[in-house]
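Let the hints inform the model, and build the full structure from the sequences given.
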Amino acid sequence: MNENELARKWALLEPEQRQRRRIDARVRGWLDASESSLTAQWLSLIKVHPVAVLSFAAVAACLVVVSTPLSWLARAVM
Amino acid sequence: MIATASRCVPPFHDSLVSLLFSAALCSRFGGEAIPLEEDAILDLVERARSGDRAAGQRLYQQYVDRVFRTVRGILRSDVEAEEATQDAMLTVLTSLRRYVPRSGTRFVVWVTTIGVNTARRRFRRRRPESRDPDDLPAVTDDAIDLEREAENEQERRALLKALAELNEREREIVSLRYGSELDATEIARILGLEPANVRKILERTRVQLGTRIDALLNHGVKT
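Protein sequences appear in the order of chains A and B. Sequential numbering of the first sequence, starting at 16, is according to my numbering. Sequential numbering of the second sequence, starting at 274, is according to my numbering.
Hints are supplied without guarantee of correctness; some may be wrong.
To be verified - In silico DSBU-like pairs for lysine-lysine, Cα to Cα no more than 35 Å straight-line:
1) A:K24 / B:K473
2) B:K473 / B:K434
3) A:K24 / B:K434
To be verified - Here are some of the chain B residues that sit facing chain A, going by a computed Cβ distance under 7 Å:
4) F341
5) R342
6) M362
7) N425
8) R479
9) G483
What the hints assert, rightly or not - Here's a subset of chain B near chain A, in silico, CB distances under 8 Å, partners left out:
10) G346
11) D351
12) R429
13) G452
If you're looking for bench data, these hints aren't it; they were derived computationally from the structure. If you're wondering where the values come from, they're calculated on a predicted model, not measured in any experiment. From the three backbone atoms N, C-alpha and C, an ideal C-beta is built for every residue, glycine too.
What follows is the structure, encoded as C-alpha cells:
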C-alpha cells in the first residue's frame with residue numbers, strides 16, 4: 016500500500032455528518048455558556064420562560080416570608 | 274466555500290458561537306473548507322484574537338475535521354474521538370492569545386499538538402473500544418449507496434483494527450501523517466523525535482498497515 020492509497024483510506028475516518036453536528040453543538044454550547052454572564056443567562060431565562068421564572072420567584076419570596084414565623088412557631092411548640 | 278459559508282450565516286446571529294455553528298453545518302453540506310495559505314491563517318488568528326468572530330469561525334472550519342481524523346487514529350472509539358475533538362477545538366479557540374508564531378512552523382502544528390495531547394490523556398485512561406448505538410452507519414434507501422457504505426465501513430473497520438494493533442507511538446505518527454497531513458519534520462517537532470527516525474517509523478508502519486488491512490479485507494473484518 017503506497018502513500019496515496021493509505022491517505023485515501025484515512026479519509027474514511029472523517030466524521031460523519033451527525034458526528035460533526037454533535038461536535039459543533041457541544042462546542043457551541045460550551046462557548047455560549049462561557050461567553051454569557053450569569054446575569055445574562057438569568058435574563059435570557061426570563062425571556063424564554065417568563066411565567067415559570069416569575070412563579071419561581073413568587074414562591075421563593077413567599078417561602079422567605081412564611082418560613083421565619085413558622086420557625087418561631089416550631090420553636091415555641093417544641 | 275468561504276463565500277458559501279458566510280452566505281449560510283443568518284444576519285441575526287451575532288454571537289461567535291452561532292456563527293461558528295451555522296458555518297460548520299454549511300461546511301458539511303457544502304464539502305470541507307478549502308485549505309488556506311499560512312499567511313491567511315495567521316491573519317485569521319490575529320483577527321480572532323482581536324475579537325473578530327467570523328475569523329474564529331473560519332479557523333474552526335479549517336481544523337475541526339482534520340483534528341477528528343487525527344485523534345480517531347489514536348483513540349479507540351468514535352465517541353472518544355468526538356469528545357477529544359470537541360475538547361481540542363475548545364482549547365484552540367480559547368487559547369489563541371497564547372499562540373506564538375514561530376518561523377518555519379505552521380499554525381496547524383500548534384493545533385495538532387493540542388489535539389494529540391488531548392487524545393493522549395484519553396488514550397491512557399485505557400477504556401475498551403466501544404460502539405455507541407448512535408454510531409451505527411446511517412441508513413439510506415438507495416441500494417447503491419448502501420453497497421458503497423458497506424464497503425467503506427468494511428475498509429474503515431479494517432483500518433481501525435490494523436491501527437489498534439500498533440503501539441502508541443506508531444499510531445501517533447501515522448495519525449499525524451495521514452490525519453493532519455503533516456510532514457516528518459513537523460511530526461518530529463510535535464513528538465520530540467528526530468525527523469529521520471519519524472521517516473523510518475512511517476515507512477515501516479505504512480507497510481505493516483497495508484499488509485494487515487489487505488489480510489483483514491480478504492478474510493472479512495470482525496470487530
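A quick look at each hint next to the structure:
no. : hint            : verdict
1   : A:K24 / B:K473  : holds, 21 Å
2   : B:K473 / B:K434 : holds, 22 Å
3   : A:K24 / B:K434  : holds, 13 Å
4   : F341            : holds, 5 Å
5   : R342            : holds, 5 Å
6   : M362            : holds, 6 Å
7   : N425            : holds, 6 Å
8   : R479            : holds, 6 Å
9   : G483            : holds, 3 Å
10  : G346            : holds, 6 Å
11  : D351            : holds, 6 Å
12  : R429            : holds, 4 Å
13  : G452            : holds, 6 Å
Violated hints: none; the structure is consistent with every hint.
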